[in-house]
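**Student:** Construct the entire structure; sequences and hints are all you get.
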Amino acid sequence: LGLVGSEMCIRDRRDTVRLTEQATGTIAVDEAERQRLMEPVYFATGKTTLGPQGTMKVVELANWLKKHPDARVQVTGVADASGSVTANEAVAQKRADSVRQGLIDNGVDAARVTTQRQLAPAGAVPDARDRRAEVQLLP
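Note that my numbering has the sequence shown beginning at 36, numbered continuously upward.
Hints in this document: simulated from the structure, not taken from any laboratory.
Nothing false has been slipped in among the hints.
The following label-pair restraints were derived from C-beta to C-beta distances:
id, residue 1, residue 2, range
1, PRO156, ASP105, 33 to 39 Å
2, VAL94, THR121, 31 to 37 Å
3, ARG69, PRO156, 24 to 30 Å
4, GLY142, LYS82, 20 to 26 Å
5, MET91, PRO161, 23 to 29 Å
6, GLY118, ARG69, 31 to 37 Å
7, ASP65, ILE139, 23 to 29 Å
8, ASP162, GLN70, 18 to 24 Å
9, VAL160, PRO104, 38 to 44 Å
10, GLU95, GLY118, 28 to 34 Å
11, LYS82, ASN141, 19 to 25 Å
In the DSS-like style, the derived pairs of lysine-lysine whose C-alpha atoms are separated by at most 30 Å in a straight line are:
id, residue 1, residue 2
12, LYS129, LYS102
13, LYS82, LYS101
14, LYS129, LYS101
15, LYS82, LYS129
All C-beta atoms in this analysis are idealised placements derived from N, C-alpha and C, irrespective of residue type, glycine included.
**Tutor:** Okay, here's the thing in structure tokens:
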């Protein structure tokens, strides 16, 4: 049970996550479905465009969001530690924007998708797992 302001995330015995929003009701998400939908979209080094697998994930998420019109998501673009901080910030933001645009192109209202960027810690060894965009359901 977690409480953020007056919004709550509840995990019940059936392993269902319920995000309760003040004005919009309840969105129930099966845990296995949530994990599948929220899997990261991975990118090649220095790349910001969706590949075939990334596109499939974005289409699947867009379809789910269209079935749940009250759901909102935040996309976080992540860049690894290779390259300059300035370049990595731009790459991370473009990755988030690429996923956001894919959702919009597949019928999701732009107002329902926010973005942010994140960098790997300074001095970290470049790692393919850091070249991604993550999607998180917002309460």
